[in-house]
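Given these sequences and hints, build the entire structure.
Listed here are the chains, written in short residue letters.
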Amino acid sequence: MPQRYVVAKVDEIPAGGSKAVTVAHREIAIFNLDGAYFALLNRCPHEGGPLCKGRRTSLVQSKRPGTYDVSRPGEMLRCPWHGWEFDIRTGRSYCDPDKVRARAFDVTIEPGQRLVEGPYTAETYPVLLDENYLVVEM
Amino acid sequence: MSDRISESTTATPGVVDCDIHPTVSTMSELNPYLTDRWKLHMREYGSNFRAAFASAMVYPRYNRDGGSRMDARPPSGAPAGADLPFMRQQHLDPNRVDYGVLQPLRPNGIGIRNQAFGESLTAAVNEWQIGNWLGMEGRLKGSLMLTREDPAAALREIDRHGGNPDFVQMSVLPHGLEPLGRQRYWPIFEAAEALGKPLGVHVGGVSGMAPTSAGWCSFYVEEHHSKCEAMQSLVTSMVIEGVFERFPKLRVVLIEGGFVWVPSLCWRLDKHWQHLKSEVPHLKRPPSEYVREHFWYTSQPIEEPEDPRHMLDAMDWVGWDKILFSTDYPHWDFDDPKFAFARLRLTPEQHRMLFRDNAMNLYGLR
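As given, the protein sequences belong to chains D and Y, one line each in that order. Under the numbering used here, the residues of the first sequence are numbered 1 to 138, in order. Under the numbering used here, the residues of the second sequence are numbered 139 to 504, in order.
Just so you know, not all the hints are guaranteed correct.
What the hints assert, rightly or not - Listed next, the in silico DSSO-like pairs over lysine-lysine satisfying Cα-Cα at most 30 Å (straight line):
(1) Lys53(D) with Lys476(Y)
(2) Lys365(Y) with Lys476(Y)
(3) Lys476(Y) with Lys19(D)
(4) Lys9(D) with Lys19(D)
(5) Lys409(Y) with Lys365(Y)
(6) Lys99(D) with Lys476(Y)
(7) Lys63(D) with Lys19(D)
(8) Lys365(Y) with Lys415(Y)
(9) Lys9(D) with Lys53(D)
(10) Lys476(Y) with Lys422(Y)
(11) Lys387(Y) with Lys409(Y)
(12) Lys365(Y) with Lys53(D)
To be clear, the hints were calculated from the coordinates, so they are not data collected in a lab. Keep in mind that this is a model prediction, so the values were computed, not measured.
Now the structure itself:
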């Protein structure tokens, strides 16, 4: 049965920013893509590099040698160790999207009022009624 | 060695990492080791690679930290690899490195054309290794950097520090003006053999010519591969020139050059040698035998066949006693000891050889 964990206040992670949090003994990297939030296990599926320290880049595609298309600025994450790239929205890798994926979790924004009513695990995170919070389900 | 490490070794032994890259916070860190003349030269002219573009790599590295792990920059803001306490905290302690062999690549003086400056900068880098690393951390061992294109200066450097037990190997770069087996380089081999210390050859160097034998390539990914090509050329050169007939106790460590290519190179050389023996009558044995006896290989990065059994075959052919674990810390293609070779399901004995015993034996560590 998946549990829901309060991991951060919404305004703690600015657009384009990220934060590593520990939830149920696992390190999770939370990303803000222009107000939409995504969570990946902070552990590259290749050799375990800390994904939240990676550089954010764009999706670069090519239809034929010499022509290149750049899209989705800031939505690809490059592992700080070996440079494997992952789609922040899905965790799928650039090199082998079907087989190699960073584990992704759902993130929702919840007002403090509802969190206090439960049934969420706030762990030690203090919740105020009039703030908005990021909640990870895992 | 710190108490913490001696404690952990009593449980299960840690690893020996045969490739760690220290660097300076700023070039002024070398000032205590340079005379006024060369400090002035550094300040007014700078030091440069023998390359097309001063102070630049010929090919771009893929990240802004000059090829380092993005998370390896210390909190002090110094470059990755410039901060010993952070190296202990990020690498030596958690990865249980009992010994790490340093390879200072930047800065170094070993490729500088100005011979007097090259000798002085090389000497400064070696003394900086002693003063800032080897003397501060017993787990770290040094590579005595040598000016390959100026063997007389290299011999003077070996006279100064070759006997220091903290330097466990002599070090030259594979790309040079001529293939490494040529006789102009033999004085260095003679000295290394006499000292009983291996010659470490870490990928890199700038020959002034195209990095591949097919010409100048376009992409970093191509240039990255050319490192293996250079290693193949130098193995061939050293064997065919007769280096190991003349220096039968010389041991050579190829660092960062991979090794799965070694068997096919040997098969081909043996085949050619059978027909062309009379051109090189100084060779008494098939080329593969010299390779098997005289070369060691570090593990990072390696070619990784899709089927792990093929990797095991290659390791059988190369020799399990010849493969040395390395991380390349703090560079971007770092291998974590928990993951390196993980797909192969090594036996405990194989694991111990690769991660520890082979290097302990080669470098005479205890």
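Against the structure, the hints:
1. Restraint check: the Cα-Cα separation between Lys53(D) and Lys476(Y) comes to about 20 Å, which is no more than 30 Å; the hinted pair holds.
2. Distance check on the hinted pair: Lys365(Y) and Lys476(Y) sit about 26 Å apart at the alpha-carbon level, within 30 Å; holds.
3. A C-alpha spacing of about 25 Å is found between Lys476(Y) and Lys19(D), which places the hinted pair at or below 30 Å, so the restraint holds.
4. For the given pair, Lys9(D) sits about 11 Å from Lys19(D) by alpha-carbon distance, which is consistent with the 30 Å threshold.
5. As the CA atoms of Lys409(Y) and Lys365(Y) are separated by approximately 24 Å, the hinted pair is consistent with the 30 Å bound.
6. Taken as a hint, the Lys99(D) and Lys476(Y) pair is honoured in the structure, with Cα atoms around 21 Å apart against an allowance of 30 Å.
7. Simply put, Lys63(D) and Lys19(D) have alpha-carbon atoms about 35 Å apart, too far for the 30 Å limit, and the pair is violated.
8. Our distance criterion of 30 Å between C-alpha atoms is met by Lys365(Y) and Lys415(Y), whose separation comes to about 29 Å.
9. Taking the CA atoms of Lys9(D) and Lys53(D), the gap is near 20 Å; set against the 30 Å cutoff, the hint holds.
10. Restraint check: the Cα-Cα separation between Lys476(Y) and Lys422(Y) comes to about 42 Å, which exceeds 30 Å; the hinted pair is violated.
11. For the proposed pair Lys387(Y) and Lys409(Y), the alpha carbon gap of about 25 Å is at most 30 Å, so the pair holds.
12. Distance restraint check for Lys365(Y) and Lys53(D): the Cα-Cα separation of roughly 29 Å lies within the 30 Å cut-off, and the hinted pair is therefore satisfied.
Against the hints set out earlier in the document, violations occur for numbers 7 and 10.
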